[in-house]
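J.: Read off the chains here:
2 protein chains.
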Amino acid sequence: MKAPVRIALTGAAGQIGYSLLFRIAVGEMFGKDQPVRLQLLEITPALAALDGVVMELEDCAFPLLMGVETSDQPKTAFRDADFILLIGAKPRGPGMERKDLIEANAAIFSEQGKAIDEVANRNVRVLIVGNPANTNALIVQGNAPNIDPRCFTAMTRLDHNRALAQLAKKTGSHVRNLRQMIIWGNHSSTQYPDISQATVNGRRANDLVDKQWLSHNFIPTVQQRGATIIRARGQSSAASAGNAVIDHMRSWILGTPEDDWVSMAIRSDGSYGTADGLFYSFPCRCSDGHYQVVQGLEIDEFSRERMLVTEQELVQERSAIKHLLP
Amino acid sequence: MKAPVRIALTGAAGQIGYSLLFRIAVGEMFGKDQPVRLQLLEITPALAALDGVVMELEDCAFPLLMGVETSDQPKTAFRDADFILLIGAKPRGPGMERKDLIEANAAIFSEQGKAIDEVANRNVRVLIVGNPANTNALIVQGNAPNIDPRCFTAMTRLDHNRALAQLAKKTGSHVRNLRQMIIWGNHSSTQYPDISQATVNGRRANDLVDKQWLSHNFIPTVQQRGATIIRARGQSSAASAGNAVIDHMRSWILGTPEDDWVSMAIRSDGSYGTADGLFYSFPCRCSDGHYQVVQGLEIDEFSRERMLVTEQELVQERSAIKHLLP
Chain Y
-13 MKAPVRIALT
-3 GAAGQIGYSL
7 LFRIAVGEMF
17 GKDQPVRLQL
27 LEITPALAAL
37 DGVVMELEDC
47 AFPLLMGVET
57 SDQPKTAFRD
67 ADFILLIGAK
77 PRGPGMERKD
87 LIEANAAIFS
97 EQGKAIDEVA
107 NRNVRVLIVG
117 NPANTNALIV
127 QGNAPNIDPR
137 CFTAMTRLDH
147 NRALAQLAKK
157 TGSHVRNLRQ
167 MIIWGNHSST
177 QYPDISQATV
187 NGRRANDLVD
197 KQWLSHNFIP
207 TVQQRGATII
217 RARGQSSAAS
227 AGNAVIDHMR
237 SWILGTPEDD
247 WVSMAIRSDG
257 SYGTADGLFY
267 SFPCRCSDGH
277 YQVVQGLEID
287 EFSRERMLVT
297 EQELVQERSA
307 IKHLLP
Chain L
-13 MKAPVRIALT
-3 GAAGQIGYSL
7 LFRIAVGEMF
17 GKDQPVRLQL
27 LEITPALAAL
37 DGVVMELEDC
47 AFPLLMGVET
57 SDQPKTAFRD
67 ADFILLIGAK
77 PRGPGMERKD
87 LIEANAAIFS
97 EQGKAIDEVA
107 NRNVRVLIVG
117 NPANTNALIV
127 QGNAPNIDPR
137 CFTAMTRLDH
147 NRALAQLAKK
157 TGSHVRNLRQ
167 MIIWGNHSST
177 QYPDISQATV
187 NGRRANDLVD
197 KQWLSHNFIP
207 TVQQRGATII
217 RARGQSSAAS
227 AGNAVIDHMR
237 SWILGTPEDD
247 WVSMAIRSDG
257 SYGTADGLFY
267 SFPCRCSDGH
277 YQVVQGLEID
287 EFSRERMLVT
297 EQELVQERSA
307 IKHLLP
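Residue numbers (my numbering), protein chains in the order written: chain Y, -13 to 312; chain L, -13 to 312.
Okay, chain Y solo, but in the shape it has when bound (with noise of 0.2 Å):
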């Protein structure tokens, strides 16, 4: 049997842990051969309801399970780890503006970003959910100087999957046969939907839709499916943002296949043009537990613009923040 893996999660009694806890414990992330020990983080008032979810992970009796720690403490729950998802975040309260939601995260995740860099494996994968993540990102890895930055990432995977799901709908034909999706930007409103590279069916996407149809409908459906989801249920995307973790991780770490990339957001390395350093979601392949941008995509006017509206907004974010980087 494997050596376990150490998968430490914070907000682990919120919705989105409790979607994904079960599907981790069971071996659905990194595969059924591969045990796992979770470590658990949650602020205190709760602790009580985590006892709760830590029983329930007791009565699977699951056989890859070897172990589940809970604390209220990041250099707890985070020592030795060799993943680190934080998925916890401060919801936006009544009367917020997005810049008080920025800096109340911000403070929770540059204590995450320090305990991160004094107490994680060295080689540590560590996938941002909370939001606003892509900047939540830049703070942990600002916060983490000793830990190569390329171990960071936020997620733009469930944005990804929806706009898979869309255009499949659209073109009356099965998500599994569609390909080279693109989500650019900000895990946000301004994130940009790209399907200029996609097929389905081996065929061209752009070729299937108008743009008509991509303007008015795809992408305004894509960037506000959360909301549309929190109307409906009542209660923002649990389950599917947790599957979206899983996928991610999976991609990040057993690799992409031949025909196809996953989007991620990563540190910006200057590609396509985007200001250097920011966490920008690119296309990525994956193989070996490393992504790569993939290279050479021609951009065209249309995208150009959509891609630098969602930079701009990153930008923004980042100097609303820029106190709390070294």
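Wrong hints could be hidden among the right ones.
Note: identical chains are not told apart, hence a pair may lie in one copy or across any two.
As a list, the in silico DMTMM-like pairs of lysine to aspartate or glutamate whose alpha-carbon atoms are at most 25 Å apart [stated by the list, open to error]:
(1) Lys155 x Asp103
(2) Lys156 x Glu104
(3) Lys156 x Glu83
(4) Lys(-12) x Glu55
(5) Lys18 x Asp274
(6) Lys18 x Asp246
(7) Lys155 x Glu55
(8) Lys156 x Asp37
(9) Lys100 x Asp58
(10) Lys155 x Asp37
(11) Lys155 x Asp19
(12) Lys18 x Glu244
(13) Lys76 x Asp245
(14) Lys18 x Asp66
(15) Lys(-12) x Asp246
(16) Lys76 x Glu104
(17) Lys(-12) x Asp245
It is worth saying that the hints were derived from the structure and are not from the lab.
Please build the complex by placing chain L on the supplied structure of chain Y, with the hints as guidance.
T.: For chain L alone, kept in the frame of chain Y given last:
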């Protein structure tokens, strides 16, 4: 690719449904090569929330998910279903006696039994989870006279897994090294979790723990685990219940290992002296999609007493709903 199977599920927008649907859709129940169609039933006021769940299912871009339909009519949701998971039930309200609960649910489940009889695949496999599960199963099966009674089961797998977890913890072992646990009787606080046949790393469990622990700790802990989790989480077990549904159906359809068995509540054929026709939990082995009660186990006085207590409760529950049986 295999032809899709049709899986119907009731209470689809509830907590167990939400924990379960995404795991079914990703292929955990019947395997990663088995496409599925979901046919979801909810009460009318929950259909809007269910729409949100369906959106989230779409947003996972599951390769095996071939379609999702929703309805508030059992005859629509169960049509041609190969598998039916009856999760939804009326919860116990304030001031409600157990008898009131049984009657309120009996009305729902007799309607669902009739619908199964009329529209489901003749070879359908039905799992009843909604409480009181055993007696609801009796009602469903009794109202579906044109379906083989062996196609109906009620769930005690969550109790089975809970018992494994407690014994593993006590013996400092891992659940993967335990075999041959048994839950006898009713999925209620009278159930009898029986370790007399169980082994831990090949050793008899009875030689590793004392009778005192068994009577005063193990048995009540397993019997009252549901209430313990409600106290900790503030909500009843959902993810562990959903996981047990996966385990139950997987064992039933894909089979049990050579050296082990599972617990399933099935229509009694009088095995171990139980009253004919009650839905009672037995140790079962499964192969080729069929279960067989494990026969010939020696039952000592300690066990016999407890098996009778839980049987007595089932007899009483049956008498409360006998007017609903044909």
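J.: Look at each hint and say if it fits the structure.
T.: Hint check:
In this homomeric assembly, Lys155 and Asp103 never come within 25 Å of each other (Cα to Cα): the closest approach is 44 Å inside a single copy and 34 Å across copies. In this assembly of identical chains, the alpha carbons of Lys156 and Glu104 never lie at most 25 Å apart, being 48 Å within a copy and 35 Å across copies at closest. In this assembly of identical chains, Lys156 and Glu83 lie within 25 Å of each other by CA distance neither inside one copy nor across copies; the values are 35 Å within and 51 Å between. For a Cα distance limit of 25 Å, the shortest separation of Lys(-12) from Glu55 inside one copy, 20 Å, qualifies, whereas the shortest one across copies, 41 Å, does not.
In this homomeric assembly, Lys18 and Asp274 come within 25 Å of each other (Cα to Cα) both inside a single copy, at 18 Å, and across copies, at 23 Å. Taking the shortest Cα distances, Lys18 and Asp246 sit within 25 Å of each other both inside one copy (24 Å) and across copies (20 Å). For the identical chains of this complex, Lys155 and Glu55 are inter-copy neighbours only, at 15 Å across copies versus 42 Å inside a copy, given an alpha-carbon limit of 25 Å. For the homomeric pair Lys156 and Asp37, the shortest alpha-carbon distance between copies (18 Å) is at most 25 Å, but the shortest distance inside one copy (44 Å) is not.
Only within a single protomer do Lys100 and Asp58 lie at most 25 Å apart by alpha-carbon distance; the minimum there is 15 Å, versus 51 Å between protomers. For the homomeric pair Lys155 and Asp37, the shortest alpha-carbon distance between copies (16 Å) is at most 25 Å, but the shortest distance inside one copy (41 Å) is not. Within a single copy, Lys155 and Asp19 get their C-alpha atoms only as close as 35 Å, which misses the 25 Å cut-off; across copies the closest is 22 Å, which meets it. Proximity of Lys18 to Glu244 under the C-alpha cut-off of 25 Å is found in both arrangements, the shortest distances being 23 Å within a copy and 20 Å between copies.
For the identical chains of this complex, Lys76 and Asp245 are neighbours neither inside a copy (38 Å) nor across copies (49 Å), given an alpha-carbon limit of 25 Å. Taking the closest pair of Cα atoms, Lys18 and Asp66 come within 25 Å of each other only inside a single copy of the chain (22 Å); across copies the shortest separation is 33 Å, beyond that limit. For the homomeric pair Lys(-12) and Asp246, the shortest alpha-carbon distance between copies (24 Å) is at most 25 Å, but the shortest distance inside one copy (29 Å) is not. Taking the shortest alpha-carbon separations for Lys76 and Glu104, only the intra-copy value of 23 Å comes in at or below 25 Å, while the best inter-copy value is 50 Å.
Taking CA atoms no more than 25 Å apart as the test, Lys(-12) paired with Asp245 passes between copies only; the shortest distance there is 23 Å, against 29 Å inside one copy.
Checked against the numbered hints given earlier, the structure breaks hints 1, 2, 3, 13 and satisfies all the rest.
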